[in-house]
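Quick mapping for you: the protein sequence lines, in order, are chains V and H. So for the first sequence, the working numbering puts the first residue at 127; every next one is plus one. So for the second sequence, the working numbering puts the first residue at 127; every next one is plus one.
Accuracy of the hints is not assured; some may be wrong.
[Claimed, not checked] Quick list of in silico lysine to aspartate or glutamate cross-link-like pairs, DMTMM-like style, CA-CA up to 25 Å:
hint: 1; chain 1: H; residue 1: Lys650; chain 2: V; residue 2: Asp695
hint: 2; chain 1: H; residue 1: Lys393; chain 2: V; residue 2: Asp624
hint: 3; chain 1: H; residue 1: Lys393; chain 2: V; residue 2: Asp233
hint: 4; chain 1: V; residue 1: Lys256; chain 2: H; residue 2: Asp653
hint: 5; chain 1: H; residue 1: Lys393; chain 2: V; residue 2: Glu734
Please keep in mind that the hints were generated in silico from the structure rather than gathered at the bench.
2 protein chains.
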Amino acid sequence: MSDYRQGGFTLPGEAGYEDLTLQMAEKWGADVIRDSDGTKLSPRIVEAGYRIYSTICIIREHNAFAQAHPDAQQQTFLSSDPVLAVDGTLEIEPLNGYFDEQFEINDSPDALPYWQVWDRTENVPVPAEKWEWSDGKVIVYGCIPYHRYTVSFLAWRIWEEINMYNHTTNHWTSEHLRQLDPRHPEAWEYLQQWLRNWCEANPDTNVVRLTSLFYNFVWIFGSDLRRRTRFVDWASYDFTVSPAALHAFEQEYGYALTAEDFIHRGKLQATHRPPTAAKRDYMDFIQRFVAEKARVLVDIIHAYGKQAYVFYDDSWVGMEPYGRYFSSIGFDGLIKCVFSGFECRLCAGAEVPVHELRFHPYLFPVGLGGLPTFMEGGHPEKDAEAYWLHVRRALARQCVDRIGLGGYLHLTIGQEPFNDAIEQMGIVFRHLKELHAGEAPAELPVTVAVLHSWGSLRSWTLSGHFHETDGNILIHINEALSGLPVRVRFLSFAEVKDGALRDVDVLINAGRAGDAWSGGDAWKDADLVAEVTRFVYEGGCLIGAGEPAAVEGGDTRFALAHVLGVDQDDGAYACHAAWDFETEGEAPFRIAEEALGCTAGIRLTDPEVRVLCAEGTTPVLTLHSYGKGKAVYMGGFAYSPQAARMLLEMLLYLTDTDGKQAGLTENPMTECAWFPGQKTLVVMNSAEKPADTEVHLPCGTVSVHLEAGETVFRSIETA
Amino acid sequence: MSDYRQGGFTLPGEAGYEDLTLQMAEKWGADVIRDSDGTKLSPRIVEAGYRIYSTICIIREHNAFAQAHPDAQQQTFLSSDPVLAVDGTLEIEPLNGYFDEQFEINDSPDALPYWQVWDRTENVPVPAEKWEWSDGKVIVYGCIPYHRYTVSFLAWRIWEEINMYNHTTNHWTSEHLRQLDPRHPEAWEYLQQWLRNWCEANPDTNVVRLTSLFYNFVWIFGSDLRRRTRFVDWASYDFTVSPAALHAFEQEYGYALTAEDFIHRGKLQATHRPPTAAKRDYMDFIQRFVAEKARVLVDIIHAYGKQAYVFYDDSWVGMEPYGRYFSSIGFDGLIKCVFSGFECRLCAGAEVPVHELRFHPYLFPVGLGGLPTFMEGGHPEKDAEAYWLHVRRALARQCVDRIGLGGYLHLTIGQEPFNDAIEQMGIVFRHLKELHAGEAPAELPVTVAVLHSWGSLRSWTLSGHFHETDGNILIHINEALSGLPVRVRFLSFAEVKDGALRDVDVLINAGRAGDAWSGGDAWKDADLVAEVTRFVYEGGCLIGAGEPAAVEGGDTRFALAHVLGVDQDDGAYACHAAWDFETEGEAPFRIAEEALGCTAGIRLTDPEVRVLCAEGTTPVLTLHSYGKGKAVYMGGFAYSPQAARMLLEMLLYLTDTDGKQAGLTENPMTECAWFPGQKTLVVMNSAEKPADTEVHLPCGTVSVHLEAGETVFRSIETA
């Protein structure tokens, strides 16, 4: 039996620290050494017998080409801030308020036809003959006094955003890096040749790690430091646009996109909001383009006998691992940096040969939110262990192939607690990986489907990391689900209408009124409402959280109020009294009260609803029988081990399932995975102190003692 | 000079307590004695030389006629609760869930054509040929499975609602009183004759006090005690409906109203929500009907040499004192029961010869919310004094002609503190009345206009008393305004578009998104937005509170966000960062922090906005210069003396006005009224402890000491 000390671990090597590199590779059981951004590994490391990853960012670091071909740079639509017309003529300087080191106006002949001027008071476009672009200003004629006008325009993005962020944050003084658009024919030829050259110049590299592909997530800087980041969305597509893309789209789809399809009344189309039909078309169009071009790059890499792994971050747009074209690219591996369990599941479930996690914290002096990590005052081992508790429970459900770290290895010097913690995580990871290699752990016969606007395209993640989206109730639910022994699917509204609920036991809709997760206007579709109603009435279960299925124009605020047994008063109930209720003393599952939260205006629609928890006169957790099915409403849900346990027990109750089939711990601070074929029980303690728990298994109950944070692997004799 | 001990006071007499009646009349300086509901004054009282008010409720207490003419009773539209169709046929019992002692289904041949069946899932009516009314049930055919259906139907109201409320609350066992619809020709003939008979039978009555006219405010009871009151709206019109009214409306307006014009997706059309155009037409139609019929009754009363006063409560619907037809009725007096300052102003400003207030508490054992008043444990003097502090400041601005009490006089026995308090209030009232008779108190050259869907029709009140609408920010503002030395107007959106802002200095819009006070879809009108924008840009001032001008579909959530300098994120800002801000240390007026409140999602739209108060990262009180004008945003506003003072100082600051023109106290717990012609200064202390204040007057500053709650009248020597 292995001692689980070696393999499946990627170490960031560091030139100048050859001894340290080899010593840490030994300690952590690395089989791969990678360079970090901008650092080259020294021959001694390269020749030490490890596989070598090398990082490239394909669209960046071509400033000479970009200067020679400024029209090969990437672009975006921007909207000026609204300007008030006091009389009939108005002048607008479009770029006012934007960071002029990031943007440059594109008034080229192919761009100008896409510009628009809008009367935002009336919300109508101004006819082209009523405005002109002259001398750095848009002059609007025939304005209606006291209406506000905006200019939608194309801008070159003259500073690659990740470089811009690092530069402005760390006060770098080096040259601003630019980025090329692979849609530009000359740039595309150039990039392919550059990659061939690179492969030839790096014969020792086994794996080319792409960071990532072409188009960055959207990150728009303002000129004013009081609002430096005007807009940042990890999953919107604005940075893919160009006149060439718009032309190609129109040719293929038979209709033209306008600036307003992107600007969207100045709000842009953020991932958290339901997309328009045109945006869906455009995303598919870009996804195909990205996949086609990425396939060419992967082929080049393969031609040089190397493998192509992609790091899913930064310039990832159009490359969603659950998108329709991802597997066609032919990547050999997917690398995902993780803070959370849902990110592990996102990586582990993608259709690609190798799944690799990059653990946090990175070996950087400063971590999240500017707090010290690997410097005086930092406790990197505590950070690492906190993330590990999230990651471990997801790995217990579905494992990956590799783990690793990033950053500057020399920062580990003197950080023995951290170094030891990572060593232990490696051991547990390898043990879990071995168990999974044998078989999947026992799972409950329960399929949970998360329902939102994006469906499987946004499986597990909303957009970005947990801490970037933690104002959304759904990410907390996804995080809880990532470690539960149930099958989890992500469905779109269209899929539900097409019958996808046939394989579902529990449907979850969780979001805020009008957002992509709740669904907004999708719920105006009576067929959708009827289908979910039928599903529950015939015996299915529904969990609604926050403002589920909230939409204007119906007789209830929640389109599923009749199923949930609660609705939200947004003022429309005005003079309608709510049902009085009393909170039940006993609940059919353990309630994690501190994980719940109050959504304003919730009231019962049915006196038969059981209120399990309330804040004042507002129900916070309710249970409603509907036909043969059941529905739960939660006003809030904040992830914690206890919250995850509440969700598990809720699922067991709703589906009348015996939890011990998959192994069930008694102590809510502990969880387990049961590998029946290997007669191995894995028990995990999420508490910062020792824990004792009974674990119920099909073959009986065992007692387990765990130290703080411990993972126990125990062989179980079955009858 | 008078000692202000006598006159302008209406005492409720009580038979069996003749000595007490005459003794209290003496103590309180009554000149009028009235009977209370259901009690008759004895000859000794009637002959004691006082003027006599007698109360009648014209539509009630005609049970014999109602039984003989059941079709003369009043009606309403109701909607069944939605019922789920599981297959193609559905049966609905329309009255399920309603209080069957209040309602009886009207399936008469003239009513049935107005019934509707709705598919509420699709929000479409079901064609008449697809349903039938049979054997107490509506049977719907061809249902879409898993859609929800409702029946809208007409119901007789077989129990007059005030009687029903008193009956069910106090467990009365007497006969249920019914109510007649004056639109029924025989009922109308009967009622006129009944009034003639009554006048003949009551020769001693000087004033017929009508309580009130024909149609009660809407009060719908449910069968389940957990939601006994399903709906109560002091100002909606549902109880005026009948097939006859609908026929007459169609004849006059050329279009037919349907059940849905009333049912409105089950929500009814509450006063707190913006009315549809059809509802506005219908209200005007009813107002004219009510005024015409009321005029006939008043003429009868006048023909008997009596006066007609109306008590503005209960069956008041269609008789708004600021409605277009009110003065045409010819009432001699308007009586309003008051808890608050805004109610005094409502009464005082109506176009009618005599304005009379009925003070609270009433002489009833139990008061508001079931708490003891005139019984063991009660402190009626404290209640009276608390209301008086609200009422007094309004009387100081605009006085009425009379005050009085209601209820059972014998309850004053042993209540010396209360009896003394009322005596003192009478003295102050008469002194104020005398001052006002000479001239109006000095007023600031500031006109404040409150802007909402109803305009002047709902001057001062939203609907009902303060405690019935205190969840609405506007009633707090109206209450504050009721005692401030400024001109106050109430404007509708239509009036603003017609140029009404020309005489306005400060415009106020205060409400919740989508309600009648904020305005809802009215703000989709670009002309309205442009006009308010122009008004401020050219030098006017705007105060927005809560969710002012909030509407869907624009580039901002608040249609006036550009003017206010703040907007609300309801989720649409998604990935858009807000402006950072720092709260200012010094404000240009005194801030009553505890009166303010936080509206979720408020963010700056302009970095130049001054944040005067914030809760965490949410601005709560802001100031924005816009063109030559200024705008204030308040996240909340809860009435208190300090809040009223903040509003006054805000108005002075916004309009750059010198407050001493109208008299200005330094101590925020005190207020004053300055009567320059009579060289009299009235200073009022709202605190429960003594207060000292400087009072700034045009002629200089004086110092005043006041005892707790005291009113000081001081002669001022001017130069």
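Item to check | Proposed proximity, V/Asp624 with H/Lys393 (alpha carbon, max 25 Å) | outcome: Violated: H/Lys393 and V/Asp624 sit about 33 Å apart, past 25 Å.
Checklist entry - Is the straight-line distance between the alpha-carbon of H/Lys393 and that of V/Glu734 25 Å or less? => result Holds - the C-alpha atoms of V/Glu734 and H/Lys393 are around 21 Å apart, at most 25 Å.
Checklist entry - Going straight from one Cα to the other, do H/Lys393 and V/Asp233 come out at no more than 25 Å? => result violated, 52 Å
Checklist entry - Is it true that the CA of V/Lys256 sits at most 25 Å from the CA of H/Asp653? => result Given pair V/Lys256, H/Asp653 holds - Cα atoms ~20 Å apart, limit 25 Å.
Next on the checklist: Given the hinted pair H/Lys650 and V/Asp695, is their Cα-Cα distance within 25 Å?
Outcome noted: holds, 23 Å
Going down the numbered hints, you'll see the structure goes against 2, 3, while the others check out.
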